[in-house]
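Line order of the protein sequences matches chains W and P. Final position of the first sequence in my numbering is 513; the numbers increase by one with none missing. Final position of the second sequence in my numbering is 230; the numbers increase by one with none missing.
In case anyone wonders, no lab produced these hints; they're calculated from the structure. Every value quoted in this text rests on a predicted model; they were computed, and no experiment measured them. No residue lacks a Cβ here, since even glycine has one placed at the ideal position from N, Cα and C. Possibly wrong hints are sitting among the right ones.
[What the hints assert, rightly or not] Computed far set for chain W versus chain P, every beta-carbon distance over 12 Å: (1) Val251; (2) Ala307; (3) Ile368; (4) Asn420; (5) Met422.
[Unchecked claim] Chain W side only, calculated, beta carbon under 10 Å to chain P, not exhaustive: (6) Ile104; (7) Asp106; (8) Val113; (9) Gly116; (10) Arg117; (11) Gln118; (12) Phe120; (13) Gly280; (14) Lys405; (15) Met412; (16) Gly416; (17) Gln419; (18) Asn504; (19) Pro505; (20) Val506; (21) Ile509.
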Amino acid sequence: MRLILDIALTHIVGRGRQTFVAVIGVAVGVGFSIAMAALMQGGQDDFVEQLIDTMPHVQITDERRTSKRQPAEDRFAAAQISGLRPPDDRRGIINPTAAMAWLDAWLPGHYSASLRTQGVVRYVGREAGASIVGVDPETERAVSPIVGDFVAGSFTALGAGGNNIVMGDRMADKLGARLGDTVSAVSSTGLSRAFRIVGLFHTGTTARDEGEAYILLKNAQILSERANAINDIRVKLDDPFSSPPIARRIEAELGYKAVAWQEASEGIMEAFVVRNVIMYTVVAAIMLVAGFGIFNIVSTITHEKARDIAIMKSLGFSQNDMQRMFVIEGLAIGGAGSALGWALGFALTTALASVRFELDAGGQEITNLPIAWSALHYAIASVFALGSAAVAGYLPARRAARLNPVDIIRGAS
Amino acid sequence: MSALIEADRLTRILPETVPVTLVKDVSLSIDPGEFVAITGPSGSGKSSLLYLLGLLDLPTSGRLSVDGRDCGDMDEAARARLRLDKMGFVFQFHFLLPEFSARDNIAIPMRKLGRLSRGEINDRAEALLASLGLEDHVHKKPFQLSGGQRQRVAVARSLANDPALLLADEPTGSLDSKSSEQVFSILQALVREQGKTVLVVTHDMEMAGRMDRRIHLVDGMLADAEATD
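When you get a sec, could you build the whole thing from the sequences and use the hints?
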């Protein structure tokens, strides 16, 4: 094997310029593939991280995926009921205390129960439609990133006594209200209460900053006239990626719709899959082009070395030896290109990671391109490169191995 | 003494549009230690017969055994192994690998066989070169050698694995008379001093006359076979 390797290396070193061009072709392919994968994976990871941070990992609401079985269906085999309308006013999660006790017993993470209701917030003649969320500030801080988004006041001030409210800064701007002002919140049932603004948050999501307000859970239950009711349980898990089975377990036990963050973002996740397929297709195409360079050089070598092939066969080299020799030549070029491509890929990725740009989204923020550093990108690019090199070497190698030495010796003579 | 080579009605036909018969119904036997010339006019099938006997080409029909082994059932790898182990080839042109030095060219068959260590291989290659008067050219590449020197390196390479059988196809065909005589003397010494079996395809009837036996071909068929001593 060492001998075959020596001869193979002698061949490709003997064609220095052509070998160099083929190696550079592979290196550029591998390098750009690595940089592209790092950028795309980085963007995806960044996005998923934001999703995981901002969304509950599992959200349990008082909806059901399928309508409840009606008593008539249980009583009569022939009964079939369709076109049922859900009640306009959902009653919330029935027996929330038992549900939360069950979650406490096994859930690997934290949860927060809340009552979400629609209403209007008014201030000196102005009003804004709002999703008013009644929460327990202590449990909410474990599941919601909003605690860190405050631009004035704080989330904990909600529980400081009295009727307090925190709202998005854009809602406050719309109302013309400031921290410490008292606004009135009106529920969909028409009940009105006065609340003092103790905090303003800015999440960067306009819909939330313009249309979301938090009050104490008790106050929300009073405002919506639903004593002790909750209609939303948001869960943060220790391992966000374990959400789907946990959501299924919750839904099976409680009967309420439990949506994992992956399901809630299904469209985005599918888009990522499509994007990855496109990316790896492009990588394969780049490597295919690089493979043509390798095919070209190995093919040229086998053509030029036909006489050597014949003489080596006369010396006792077999067809397999010859085939192995030229495949090694292809792989050596692919391997050298891969190694150089790793360095190029690392340099390009480092350069991309150092690109800084300013984003103006409510406040000035300087940020970097999201980059994922992963050995897998290097491995995948090399697998593509070596695979392409092996095929590119194999085709001319097979032809060379089958050469009849007598034909060549006669021709040379 | 059992024959080193036994051929029975060997025939080689090229499957062209009009089939070309290169060798037809050749039966012969070569004993160990024989120095045999294969002669005949151009196109008579001398080289084709040598390639068949050397397992470089396959007969269309007939049987061949080398060193007591029937070659008809051998696959390509087994034939290659037998060539590596038992045979050495010398061609009209040296066919040395141009990227390798004289010593490394000789080392290639030994490395392929894998019986000796790297140091032993180098020692043997240098000894072979010295025995052929090339001790000063060990590290030279083929392009740095004269035609006669290259052919002597080719002879040394054919002897690398100490083969029982040496097959030479017009080994002096591209050499001047002095170099031709040198190469012939080397081949002769291999038979006389080392007991090798040497088959030489040659046009040179004077050279053929100095060998033990002459196999004469006409139109691919044996015309006669005569002992010359």
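- Message: Name the hints, by number, that the structure is in violation of.
- Response: 4, 5, 9, 10, 11, 12 and 13
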